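The listed protein sequences correspond, in order, to chains A and B.
In case it helps, the numbering used here puts the first sequence at residues 11 to 148.
In case it helps, the numbering used here puts the second sequence at residues -8 to 394.
These aren't lab readings, by the way, just hints derived from the structure by calculation.
Warning: the hint list may mix true and false statements.
[Said to hold, decoys possible] To give an idea of the interface, some chain B residues facing chain A are shown, with a C-beta separation under 10 Å as derived from the structure: (1) K7; (2) N10; (3) N11; (4) Q330; (5) H331; (6) D334; (7) T337; (8) D340; (9) T348; (10) H350; (11) C352; (12) M392.
[To be verified] Once the Cα atoms are required to be at most 30 Å apart in a straight line, the calculated BS3-like pairs of lysine-lysine come out as: (13) K121(A) to K388(B); (14) K328(B) to K51(A); (15) K341(B) to K117(A); (16) K7(B) to K228(B); (17) K121(A) to K149(B); (18) K288(B) to K34(A); (19) K328(B) to K43(A); (20) K387(B) to K43(A); (21) K126(B) to K34(A); (22) K303(B) to K121(A); (23) K328(B) to K60(A); (24) K34(A) to K201(B); (25) K303(B) to K53(A); (26) K391(B) to K43(A); (27) K150(B) to K117(A).
Model, not experiment: these values are computed from the prediction.
Heads up, the beta-carbon is just placed ideally off N, CA and C, and yes, glycines get one too.
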Amino acid sequence: MKISEIENEIVEEFSLFGDDWESKYEHLIDLGKSLPLIDEKYKIEENIIKGCQSRVWMHSELKDGKVYFTADSDAIITKGMVALMIRVLNGQTAKDIIETKLEFINKIGLKEHLSPTRANGLVSMINRMKMDSVKFSR
Amino acid sequence: MLDIKAIRTHFPILQKTVNNNPLVYFDNGATTQKPLAVINAITEYYTKQNANIHRGVHALSREATELFEEARKTVAHFINAEESELIFTSGTTHSINLIANGLSFEKDSEILLTQLEHHSNILPWQLNAQKNNAKLKVVPIHEDGTLQLENLKNLVSKKTKVVSITHVSNTLGVINPIKEIISEIRKLNSNTLIVIDGAQSVPHLKIDVKDLDCDFFVFSGHKMYGPTGTGVLYVKKNVFNQLQLSASGGGTIKTVSFEKTEYVDGPLKFEPGTPNIEGVIALSAAVKYIDSIGIEKIAQYEHELLGYAQSKLAEIPEVEVYANHLNKAAVISFNVKNQHPFDVGTLLDKYGVAVRTGHHCTQPLMNYYNISGTIRASFAMYNTFEEIDVFILGLKKAIKMLS
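Whole structure, please, built from the sequences with the hints as guidance.
See the structure below:
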């Protein structure tokens, strides 16, 4: 599936919750539990994403021209956010990842996580995924 | 008794809703909300008095200067200092930097800090120590967040040039017995300069710098209902000439030539450039506001809030409170077993409860407890028992969601 198609799928999924933020966050927490976990050997200093109050480790690999991510975090909500990002970007080409705007985050009512005042580092996370893709596309 | 209902009407922001819930603001250790008296003082200044101070011959400048110097008196009296001992700064961090940059020592001198200190009371001294080849020494704490006073005594020597210590821990709320500590240090080395970081104590405790007998006392305006960008550096009269200038500029001199400059005496020498005039005037409005309520009454009420909140937290088995006692200002740091503080803080925010999560700029203290952060609830005079109930209910729901 294309990035935009997966984004639409997630938006639809979250629209079921309406204004019920508790269910939305419960869902996010569940998603966190399904995160493709990073191999312990990659949990090293240079794979920690800075700017997060919670720690996030991320590893990326290029396979057959597509980028794949694994990650982990010590905070479960952060893990849910990472899981969403990975679900959208996993298996896409570096070029598509670099160009995507990830507008679904606004649409599912989680845009507070994009605010620079929040210490969860979603912005740093997205930057990391894009930077890794830039490296792969060289 | 405080009339909390009336007090809450003085703080317009408390009417705000967050995520469709009434705002419960428990992040007062970071900054307090501002009463109308302070907000209006700023508007009033710009509407009627704005001019540069200490310079103009015209009426407006005279009026602004008078208000500014009147504010110096008001704030000085608030901590029982003389106005000639009171330097206005941009905040506690700026104040400590002025001290640390203004003192130089011979090689192998020692600077004594504590495990409790905020980064702002560590880093300026670290820079000072690098410049002067001095050593930083650290007073350890007990598990309950209190200082190991016996060790403090052992650490003060002939080499100890400065002891810089917080009055109230910003992370734990623990109140240090600084009066006893100061008198003990005086006995051990009468030349040691003593700096007290009062950022977290001034909003909650009656301060009398003469009675404390410290050499420096520093605090911020914005944590005591005043505006951001205002702070105070109290310098005891007889140590004023030990503090060297680390920054200079307009408004600090008697005469200037390229060969030689003669500075004014007193606080103005340390206030180069145009100061935060409206901020200082609004800070004095904050002081008057606190005085109108009564700091002792505020302290007593906040202590009741602290006791109530801690007793409610004790009923939640997953919660672990650090420094779980009542010798504290109205601050509670805690964690939920197996949960990250960020998760708990995020969910509390959704319930409209503002708390702080993270290391609170006290990483050495976090290292002592071997944790990455805590959740901190800190109270002010306008908080209520009902708000604590909302917080506890939100916390219970958050714990349920996370586990």
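TODO: Enumerate the violated hints, using their earlier numbering and listing them in ascending order.
DONE: 1, 11, 16, 17, 18, 21, 22, 24, 25 and 27
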